[in-house]
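Order-wise, the sequence lines are chains A and B.
Per my numbering, residue 50 is the first one in the first sequence, and the count goes up by one each step.
Per my numbering, residue 3 is the first one in the second sequence, and the count goes up by one each step.
Hint data in this document are derived by calculation from the structure and do not stem from the laboratory.
Ideal placement from N, C-alpha and C gives every residue a C-beta, glycine not left out.
Please note that the accuracy of each hint is not assured.
Which residues of chain A face chain B? A few of them, derived with a C-beta cut under 7 Å, are [claimed, not checked]:
hint	residue
1	110
2	134
3	136
4	140
5	143
6	158
Quick look at which bits of chain B chain A covers, simulated, 3 or more residues with Cβ under 8 Å [said to hold, decoys possible]:
hint	stretch
7	141-152
8	155-167
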Amino acid sequence: MTQDAFVDFQNVWLAYNDELLAQNHFAVEDINLQVKQGEFIAIVGPSGCGKSTFMKLTTGLKMPSKGRILVDGQPVTGPLKISGMAFQASSLLPWRTTLDNVLLPLEIVEPYRSNFKQKKAEYVERARKLLNTVGLAGYEDKFPWQLSGGMQQRASICRALIHEPKMLLLDEPFGALDAFTREELWCILRDLWTEQKFNVILVTHDLRESVFLADTVYVMSKSPGRFVVKREIDLPRPRDLEITYTPEFTNIVHELRGHIGAMRKTGAAINQ
Amino acid sequence: MNNKTLERWAPWALLVLSILIWEGLCRAFNVSEFVFPSPSRIAQQTIEFKEVIAGHAWRTFWVTMVGFGIAIVVGVLLGFVIGSSRLAYAAVYPLMTAFNALPKAAFVPILVVWFGIGIGPAILTAFLISFFPIMVNIATGLATLEPELEDVLRVLGAKRWDVLVKVGLPRSMPYFYGSLKVAITLAFVGTTVSEMTAANEGIGYLLISAGSAMQMGLAFAGLLVVGAMAMVMYELFSAIENHTTGWAHRGSQGH
Numbered sequence: 050m051t052q053d054a055f056v057d058f059q060n061v062w063l064a065y066n067d068e069l070l071a072q073n074h075f076a077v078e079d080i081n082l083q084v085k086q087g088e089f090i091a092i093v094g095p096s097g098c099g100k101s102t103f104m105k106l107t108t109g110l111k112m113p114s115k116g117r118i119l120v121d122g123q124p125v126t127g128p129l130k131i132s133g134m135a136f137q138a139s140s141l142l143p144w145r146t147t148l149d150n151v152l153l154p155l156e157i158v159e160p161y162r163s164n165f166k167q168k169k170a171e172y173v174e175r176a177r178k179l180l181n182t183v184g185l186a187g188y189e190d191k192f193p194w195q196l197s198g199g200m201q202q203r204a205s206i207c208r209a210l211i212h213e214p215k216m217l218l219l220d221e222p223f224g225a226l227d228a229f230t231r232e233e234l235w236c237i238l239r240d241l242w243t244e245q246k247f248n249v250i251l252v253t254h255d256l257r258e259s260v261f262l263a264d265t266v267y268v269m270s271k272s273p274g275r276f277v278v279k280r281e282i283d284l285p286r287p288r289d290l291e292i293t294y295t296p297e298f299t300n301i302v303h304e305l306r307g308h309i310g311a312m313r314k315t316g317a318a319i320n321q
Numbered sequence: 003m004n005n006k007t008l009e010r011w012a013p014w015a016l017l018v019l020s021i022l023i024w025e026g027l028c029r030a031f032n033v034s035e036f037v038f039p040s041p042s043r044i045a046q047q048t049i050e051f052k053e054v055i056a057g058h059a060w061r062t063f064w065v066t067m068v069g070f071g072i073a074i075v076v077g078v079l080l081g082f083v084i085g086s087s088r089l090a091y092a093a094v095y096p097l098m099t100a101f102n103a104l105p106k107a108a109f110v111p112i113l114v115v116w117f118g119i120g121i122g123p124a125i126l127t128a129f130l131i132s133f134f135p136i137m138v139n140i141a142t143g144l145a146t147l148e149p150e151l152e153d154v155l156r157v158l159g160a161k162r163w164d165v166l167v168k169v170g171l172p173r174s175m176p177y178f179y180g181s182l183k184v185a186i187t188l189a190f191v192g193t194t195v196s197e198m199t200a201a202n203e204g205i206g207y208l209l210i211s212a213g214s215a216m217q218m219g220l221a222f223a224g225l226l227v228v229g230a231m232a233m234v235m236y237e238l239f240s241a242i243e244n245h246t247t248g249w250a251h252r253g254s255q256g257h
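Looking at chain B on its own, in the form it has when it is part of the complex (with noise of 0.2 Å):
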């Protein structure tokens, strides 16, 4: 086995290794499973309750996917007017930081006295909490252009216009594609969050009316649910990253 092998095995091993632990424990310890349920009996009440869970998570996932989206065009939108427009950067940055530093979970119980309890509440969290770094990405993407390049293209009558698309556009989107991985993955986490206490259906939703019900098995399958999504969403952006963005990523390839 070579080292590039072992490196993609190697997470793999790990966790199967913590399972293991875990599920070592749980027995030896003898722990109650309304206390700390052992991987066994999580997967047996993943069974149980798949279909269950199944709708659940895909109400999660489309939830999700919607805030994501909207995430996504306010985030590249406003990137592009604070990232193009020094004037624009001075004005919203500032207020942008401002609002990333309110914890999201607060803005539930206002989003549920507009909209009510159900999609409303839980697509509005999952975009408020992921757009920001989209946004920050794309305005600094399109900020970081060499000077000299610029005057390269100035000098041939490029309008501001030419240089973004030619130029910044293209410049930012290796960042735009990280800020995806990881905005996903916070997506996700509005979601849920916003379930817990503005839903009736969700993982989030799911989470809570199993530990009511001393469920935990089930609680701790619904915790597995969303990381999976999430893990596979962030594997999926992250692929279309290396597609589309190689030529950012050369120290990898060897040159």
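Just chain A, with the same shape it has in the complex (with noise of 0.2 Å):
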């Protein structure tokens, strides 16, 4: 297989179950997939179509019931300590600050973890130095539960990141914000994403949101997940808003929703 690919998917199946197995009935199937190191990509298909699933696989919290999965030219065999999550609920814990937030997984993730009181100063340092960058300087010390939605998203992406992992996986984190705030996060996210370069996973289901921030987008079918459609985005970078807003752009959306809407309408026929 490719030699330079970060993230290295090799026919792989999932089923959650062994009685589902038996029955053949896999959540995810026959996913090839290489994503180049540094890679942006973003997932996007019909809900429950097994985006979630894919993300449990590339980091190892599920393990592929067929072929297998290579990350950073390694085999996954359990969970994978060089990545991050964010999710479309913050899931701040409410008795810890949003600093403190920020640092959690630095007392559980080694190295940190064992060094974590000795190098406290360092590691608060380093999370309000991230704090900074997202715009939350000064919300250090509230608590979740006094922060927007938005800052608490940001929030939470800075707890998926404080630990430099290798790669971001981002399950819909920007679906429950509104339009502007949600813009707001897209730059946000694509500059962090230039200045550290680590490999973004994206799951989401805004068409827009996938072309603006990602490399190559995803389609997937729902039952059987599939990946169905690969779509190299060629825009220029940096990227700015407004290329939200130029033909260019609006093409491939448009294209990536006719392979949706194709999908939707073969799933309806088979339904009947």
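Now that you have both chains on their own, put them together as the hints suggest.
Here's what the structure looks like:
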């Protein structure tokens, strides 16, 4: 397979349990995917198509029933500490301040865990810097419930990035935000990624979001959960929000929309 | 007077009003003090027997506290086990529910056989009646963890223990303090009930002996004291709850 792939899925199938496996009922089927180092990919598709399952496979929270997954050249055998995750719900801990929430991963993941007490000052500094870059300076000592939804989501992304993961997995992170806040956070994510060049796997059902942010967009179909379209986004970088109003951008969004629309139609035909 | 001070004084006002009505009715209908003593008569007897009452009250208080202390330890441990393991939950919970349905007063004769008359049955009754809500609340707090948060932590290599200590326990603290408020009042019930048949000391014993001696004022004084003690402890735990887990009550703080 490709030598330079950072994430490498080779004929991956997953059934959630043995019973479903026996019935040949898979959540995701025959996934082949190679992601380059530092590539930003987005996965779009109808809800329930196995996008979140894909994320669990990538992070090693679930093992494939068939096929294999390599990340950074190593087969995935368990939870991958080089990844950070953020979800639609920020799931910050309400009894911790924003700063302490962001520090949480360092209390858990090695090698930070063993020297957390000695190096706390350094880590606090790092967390403050990170919070500053996402525009949360001055909110470090506030509790999550004192922040707006958009701010909570920024803090959640900081928590996912504090241990400098090589791979960031986002599961509809902006889904619950209003349109303006969402676009603001796209830019923040874009800037973080441009600066640090970690791998991003973004699961979303917002096509504009996927086209604006990603290098490559994959479209998934629902039952079976398969990757049906791979679309490289060749829009020049750095991309500004302005680009979302250009015809090139709109064309790509339309094209993706077409794929999903077609899938929905055939899906409906099967149901009848 | 604004609404807040009004709210604070409302229970006291209601209490005073009830006492006044009670007193008024007793006087108006000339109710015999052997049937239903008036508040003034109860107060009079409380003062008259204050040393006796204080002695019995102290006994009931510390016995309840010992039983309650055991209930906290056992309730937290059991709750921890049940809340952190699905299997333990499935195995223990139905039995515990069945056990909780038994009237704890019915245990007193058995406990007397085992431990004799005295503090043994009282402590154990207080414990038996009050550990259940603590256990259930700890277990609930631990078991209702967001799956996303668990994923975030597990992918970092968090062990079960990490998740329990960093997330599960702090999360269940509001439930825990909430349960303490309920449990402490139950513990007083347990002690008093047990002392009524299985002790020579304590408020329960005082109630029975005052009743059989037709000292109704004294019996009511005993009730009053045990009620006051339970109320004070309730308020104490309520205050601790508000100070330690304010994040769980943010709705009341204008957020």
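Against the structure, the hints:
The criterion of a C-beta within 7 Å of any C-beta in chain B is met by residue 110 of chain A, whose closest approach is roughly 6 Å, and the hint holds. A cut of 7 Å between beta carbons decides the hint on residue 134 of chain A: the least distance to chain B is about 5 Å, and the hint holds. With a least beta-carbon distance of about 4 Å to chain B, the hint placing residue 136 of chain A at the interface is held under the 7 Å criterion. Contact between residue 140 of chain A and chain B, as hinted, is supported at the beta carbon level, the nearest pair being about 4 Å apart and thus within 7 Å.
Below 7 Å, beta-carbon pairs count as interface contacts, and residue 143 of chain A has one with chain B at about 5 Å; its hint therefore holds. Proximity of residue 158 of chain A to chain B holds as hinted, the smallest CB-CB distance being about 4 Å (cut-off 7 Å). Residues of the stretch 141-152 of chain B lying with their CB closer than 8 Å to a CB of chain A number 3, which satisfies the three-residue condition for coverage. Closer than 8 Å: that is the beta-carbon criterion, and the stretch 155-167 of chain B has 7 residues meeting it against chain A, so the requirement of 3 holds.
The structure is consistent with each of the numbered hints, conforming to all of them.
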